[in-house]
Amino acid sequence: MERFCIQSLLQKFLSYSVNTKYSLVYSVEFMMDMGHKNKIDIKVRLHNYIILYAKRCSMTVSSGNETLTIDEGQIAFIERNIQINVSIKKSDSINPFEIISLDRNLLLSIIRIMEPIYSFQHSYSEEKRGLNKKIFLLSEEEVSIDLFKSIKEMPFGKRKIYSLACLLSAVSDEEALYTSISIASSLSFSDQIRKIVEKNIEKRWRLSDISNNLNLSEIAVRKRLESEKLTFQQILLDIRMHHAAKLLLNSQSYINDVSRLIGISSPSYFIRKFNEYYGITPKKFYLYHKKF
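Residue numbers 1 to 292, in UniProt numbering, belong to the letters of the sequence shown in order.
What the hints contain is simulated information worked out from the structure, not anything from laboratory work. Computed from a prediction, not measured in an experiment: that's the story for all the values here. Watch out, some of these pointers could steer you wrong.
With a Cα cut of at most 30 Å, we get these calculated BS3-like pairs of lysine-lysine [unchecked claim]: (1) Lys-273 - Lys-284; (2) Lys-149 - Lys-90; (3) Lys-199 - Lys-128; (4) Lys-43 - Lys-246; (5) Lys-273 - Lys-246; (6) Lys-39 - Lys-273.
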């Protein structure tokens with residue numbers, strides 16, 4: 001199994017357009033059966049809320065014992081901070097799907113529009129929210145697809161915010177969607193750490209640096225990350241490897257340069273960590289994906 005960051009790599013592999021303004025949108029484990037090049041299996045952890053248009057593909061999404069199907073032509077609204085397994089079956093190698101990525105500020109703007117109309121769910125159960133409360137589907141409708149395409153081309157502004165609110169309003173389970181967006185717009189503790197690290201990826205970060213930045217003890221930082229089932233080293237590795245993949249795919253950077261730019265002083269150590277993370281060396285990674 002090869003592991004990689006989907007925002008940079010699938011943009012090359014699947015030739016779709018992603019808003020690259022927002023960093024660290026995904027962490028992914030990737031597996032492709034070379035005998036069936038139209039089918040891809042990926043394990044995804046989303047760091048941003050996304051709207052996905054299954055343009056020329058169908059997808060099977062699973063989490064635990066739950067399974068959900070995104071048919072070709074459908075639009076899906078997918079909550080951030082969820083871990084899912086996705087099986088993608090392409091009907092065409094060109095632009096099989098398209099994505100709009102929504103950061104927290106954009107979600108907060110949309111919520112302000114929705115607040116007077118929608119509310120949180122009135123009935124709750126002790127059961128955990130399932131996939132159908134975190135992923136919402138729209139059937140293939142020309143109006144929704146046209147709106148999706150126009151939103152992708154819009155610069156950030158009031159028109160884009162109102163257009164997104166209009167698209168979201170087409171979802172039938174309005175209360176569950178509003179709850180999902182509200183949850184997705186909340187700032188998690190790990191988000192705060194990512195923002196700190198991403199300001200200076202070249203720095204050799206330690207947990208003490210984060211605790212000083214947040215005015216918390218190292219023990220408090222560890223415990224709060226444990227509540228999100230994360231560690232500081234996991235976050236740091238995700239950020240570094242994501243940035244390394246982008247540098248390798250989008251530039252002519254040498255291994256030594258990439259290693260330095262992500263805060264790892266030893267190129268040999270970087271190669272080893274990259275190989276452990278993605279299941280492939282940086283050189284093979286570059287050569288393999290540049291051939292697509």
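Numbered hints the structure breaks, given as an ascending list
3
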